[in-house]
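There are 4 protein chains.
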Amino acid sequence: MIEVGIVGGTGYTGVELLRLLCRHADVRIRAVTSRSDAGKRVDSIYPNLRGFVDVAFSEPDVEVLAQCDLVFFATPNGTAMRMAPELLDRGVKVIDLAADFRLKDAAEWAQWYGEPHACPELLAEAVYGLPEVNRAAIRKARLVANPGCYPTAVQLGFLPLLAAGLIDGAHLVADAKSGVSGAGRKAEVPMLMAEAGESFKAYGVAGHRHLPEIRQGLAEAAGAAVGLTFVPHLLPMIRGIHATLYSRLTGSPGDLQDLFERHYADEPFVDVLPAGSHPETRNVRGANRCQIAVHRPQGGDTVVVLSVIDNLVKGAAGQAVQNMNLMCGLEETAGLMLVGLSP
Amino acid sequence: MIEVGIVGGTGYTGVELLRLLCRHADVRIRAVTSRSDAGKRVDSIYPNLRGFVDVAFSEPDVEVLAQCDLVFFATPNGTAMRMAPELLDRGVKVIDLAADFRLKDAAEWAQWYGEPHACPELLAEAVYGLPEVNRAAIRKARLVANPGCYPTAVQLGFLPLLAAGLIDGAHLVADAKSGVSGAGRKAEVPMLMAEAGESFKAYGVAGHRHLPEIRQGLAEAAGAAVGLTFVPHLLPMIRGIHATLYSRLTGSPGDLQDLFERHYADEPFVDVLPAGSHPETRNVRGANRCQIAVHRPQGGDTVVVLSVIDNLVKGAAGQAVQNMNLMCGLEETAGLMLVGLSP
Amino acid sequence: MIEVGIVGGTGYTGVELLRLLCRHADVRIRAVTSRSDAGKRVDSIYPNLRGFVDVAFSEPDVEVLAQCDLVFFATPNGTAMRMAPELLDRGVKVIDLAADFRLKDAAEWAQWYGEPHACPELLAEAVYGLPEVNRAAIRKARLVANPGCYPTAVQLGFLPLLAAGLIDGAHLVADAKSGVSGAGRKAEVPMLMAEAGESFKAYGVAGHRHLPEIRQGLAEAAGAAVGLTFVPHLLPMIRGIHATLYSRLTGSPGDLQDLFERHYADEPFVDVLPAGSHPETRNVRGANRCQIAVHRPQGGDTVVVLSVIDNLVKGAAGQAVQNMNLMCGLEETAGLMLVGLSP
Amino acid sequence: MIEVGIVGGTGYTGVELLRLLCRHADVRIRAVTSRSDAGKRVDSIYPNLRGFVDVAFSEPDVEVLAQCDLVFFATPNGTAMRMAPELLDRGVKVIDLAADFRLKDAAEWAQWYGEPHACPELLAEAVYGLPEVNRAAIRKARLVANPGCYPTAVQLGFLPLLAAGLIDGAHLVADAKSGVSGAGRKAEVPMLMAEAGESFKAYGVAGHRHLPEIRQGLAEAAGAAVGLTFVPHLLPMIRGIHATLYSRLTGSPGDLQDLFERHYADEPFVDVLPAGSHPETRNVRGANRCQIAVHRPQGGDTVVVLSVIDNLVKGAAGQAVQNMNLMCGLEETAGLMLVGLSP
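Chains as they are written, first to last, in the UniProt record's numbering: chain D, 1 to 343; chain E, 1 to 343; chain R, 1 to 343; chain P, 1 to 343.
Please note: incorrect hints may appear among the correct ones.
Where chains are identical, the list cannot tell them apart; a pair therefore holds if satisfied intra-copy or between any two copies.
Taking lysine to any residue and the SDA-like style, the derived pairs with C-alpha atoms no more than 20 Å apart in a straight line are [stated by the list, open to error]:
{"id": "1", "residue 1": "K40", "residue 2": "R30"}
{"id": "2", "residue 1": "K40", "residue 2": "Q216"}
{"id": "3", "residue 1": "K40", "residue 2": "H278"}
{"id": "4", "residue 1": "K140", "residue 2": "A222"}
{"id": "5", "residue 1": "K140", "residue 2": "Y203"}
{"id": "6", "residue 1": "K140", "residue 2": "P85"}
{"id": "7", "residue 1": "K186", "residue 2": "H208"}
{"id": "8", "residue 1": "K40", "residue 2": "G51"}
Quick caveat, the hints were computed from the structure, so don't treat them as lab data.
With the rest of the complex left out, here is chain D:
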């Protein structure tokens, strides 16, 4: 049995980790910390976990966490980089679901996150936890940076095209739409149902923190810097991300459907839909899965890729469990054979 701790268990990624881990046959949840709710039973705040999670939130305590095999950080940005070094030193594996270890360049991190990085020396070691790209490295990693939700959906959609060198990497467009749970469980007026319901808007057009993360991943796949216009939007629903990706073909691409199917043929959690499909976010709700379709409208020179995930699962907690499975030598799919809840 793998003993795990969760730091920051009261947010949506925390509770989603608990939903997955409490039914994972190889895992025992040893500690769930929360500064704000320490002492309260987890299931008093999340009654969906009654009968499944029998612990109370505790204050974050390094001594307790150090006894775990692996610790998840489901905390705001800036927490994991302060606590992870000691845990790593004491032999604990770490997966950060926030952004602390996602960027390789400490200066860029500081620019986008507004403070100096607390342990820049770990940035090189940290493995970016997108198993479809870094599976071998994740198996050997002791520190994994779990990708952001938008970056997961966008990268999985562009990767086959970039890897095959078929598109103009200088002018990529990612028009992405997310359900409100992506904003977390923070009391903020714009996320009230009376504000976000029955309406739709873009946000962060001038620059969103996921932009450098996506660029970094795409550049690695392309073997060169890329130019990306990334526009996130807020959907009047709870779970789900839909990325609509536009790029221009630089030559004769051959059969794009076949390209995508071959690229992801062995991937358990990326599902290329039949030609002509339009993936729907509801079909991956609650599931650790990315469903993808590729289109070439009117046979022109623009490729359109449609990519959907559940932002809390393949975009956060599910991918973290997938990484844990790899890091701990478990079956990659353990605890993750989840059917999407539709309707």
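Following the hints, position chains E, R and P against chain D.
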């Protein structure tokens, strides 16, 4: 392995059965029938099942169904009563998720469903599949009438009070609210999102088909006829039923919280929340669970019970699997340890 | 032209007042105050008002407000009772959309609102602003307590029955459901879309502040104290209240449809729907209207009344404008001939 | 008084026309036709119109319609082209809210709409009813083709850039999202709330009927053929379109904010938001208004335009009333000074 068939697999209760059964360790799905979609792969219509359900819809064929151990009818009212007799004769167990075998009185059935019953002789034998009431009989049954969604939520809420003889059974009020999936997957204008979204209404106040079913169950618990005002409402959401139940105390009730907790102490799928709770439908979304709270506002003589289920799970497919487990000698909870998907 | 001020213009009742008043032919908006947003243009926070409202929020200033003919308080409870006395002394009419002047009994007010009342001497003078009950008094009032949203929907539904003496006033049940805008524009976790969306729950079953207000109004209509069980619920939508009201007939009621139609025959904003109707909240969205239907299921002794309003219009800002029209000698319907926005 | 008729009054554009026209001071509604609902009162199907619209649906009758000054066709594609010629011959002005007269090329029309055009000779005469482009021609027109909802939002966003010759017209991208009311009031499974709610998908990526209409309008503005990738998506909400438009600058653009503000300076129904804004569909809900923002992320060579409308108002019925006002010599804004309903 139990071999099962599903007749009428294209509706919401059908796809929900598939979601549960495809991950049930003791079950093999042998046939899924659909007149309208025969020949199409199930996962072409329900892409959430890709990789989990590998069959195509077939025409309903008694010869094939007769080879199953158990057949579920997820069909409109009036279908099961025409096909069940032959299957029963050939030794197949049957669970009807529609209403054909729910009422004991054939005349009452004919009055509410608008045609004579096709096999009234089976009404006495059919066991009403509410395990919290009829567990022993279900274990021995070959024909189970799976309860309606409203009747499940309403009966589970009233039963402890009626069984204890604490309330005036002549004037019960059940104000019930359901998500739109309760209406099924039929193309009807009032169920369009542009009609049912962002709005709320009652319907069927003059008389809803679930009324006689609920009355029958409550009368059995009370040991006498009951008077019930039942008002269903349509919620602008997909899954979930919330029943708010009002009744008047006839004497000094003692500790109602304790009464409810004791009544359901051994029930795996009924969860009495702590005193003062307000159950939320989202906490049972996707789960085979009824969460209940009991209140006595201002210490007066009116008891208010709040009862929530997922109409497609404990209100339909989940309860059907629970009944199958009992009928087939499996662990009652097999395949049903589902955590509610919240948020 | 009537010159008006709005104190507390950044909440939902404030912006709704602005929506109505900016198109009211007889009104000029002189000041809109907000402590939190003073100095900002109103339409920078509410872009739907661009081109219609050309002012900035100001600090609340009695000198400015004293120059208005009438001041609306769209503030939290406890504000109007501190500012209204001076404005009244200086000849300004006041309408409070909060609860400060709704209860006649200062002790009861203190009990439900958690502090002593600041000007109990005004409670007797204040007129409860339900025009369907108090039209004549409102015309002459200088201080009007605008009713709460639930109390408007519930009272308008029960009044014809109580006035006619047809029902048992000791055991009334009001099962009420509200959209999330009723909770106001406060940053609170339970009102996040990820919490309140796609779910349904009751709240405040032990006792909601609108309970004494409703009881007071119903008692006045009945000519005797009433017993009321009031259970509010939160709907996963933005605007609209639906009250489902249950009461027991004490004798032979005659034609209830006719009773309701006659009771409201001359009311411009109460619309009794044809027999057998089920009012939908969307049909009154944005409109200053209550739509009502009365049912007697199966001809039994329980009457069910269905009553819908837009909580921000007939339940708040629209009713306030209606009261302003009456207080200022304008046509009662001026600025209020609004068609519900459906779909 | 202008006497108008509405052919096809039971759909969403029909009822929205009624909502606007019943409060228009210069209009009298003479006939509202519906084959399916002839004989029924309009307000029995649309109770939001009770007290405002006092007529019944009638069978479409050319003799009655011919007595109107102007007839709106709120019918499915293919109806207006069969009835309009006779009405025009008899001196009646016609506005078609469907697509019959939107394309100038009869062959292209036949290709996209699947049948030959019934009166190709009228295509040249018909004026495309986008007042921001064709105001003078609309004033003199007897036949106006009211633009589609997507085409309105997309064209208003691209026009200033194309007119100024600033962008590469060969590679335009329009990522557009629409609420479900855009699909009309047809009973179809994909538009059920249980299907379209809490989910998001693209559709028609291979080719949507609005594509040639948009291309035609943009080409006219650009003075040359354009290349457009148009991807529509379905939003889980009722009203509103958000178009996110991507194009590449071909040179140094100067101040884009200023360009947009000057381009629309005199337009009553196009509102360019301050620099840095993110328009929200809710702010134009129910209003005849397009709100637009222009961005140049990171100062790069990609321009992003955000454009929102209410698909039933500026995208259909409101724009039709605007056209009627122009055609009939009324004030262009008559009956259209509507404030968006937010929240």
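Hint by hint, which ones does the structure fall short of? The structure conflicts with hints 2, 4, 5, although it agrees with all the remaining ones.
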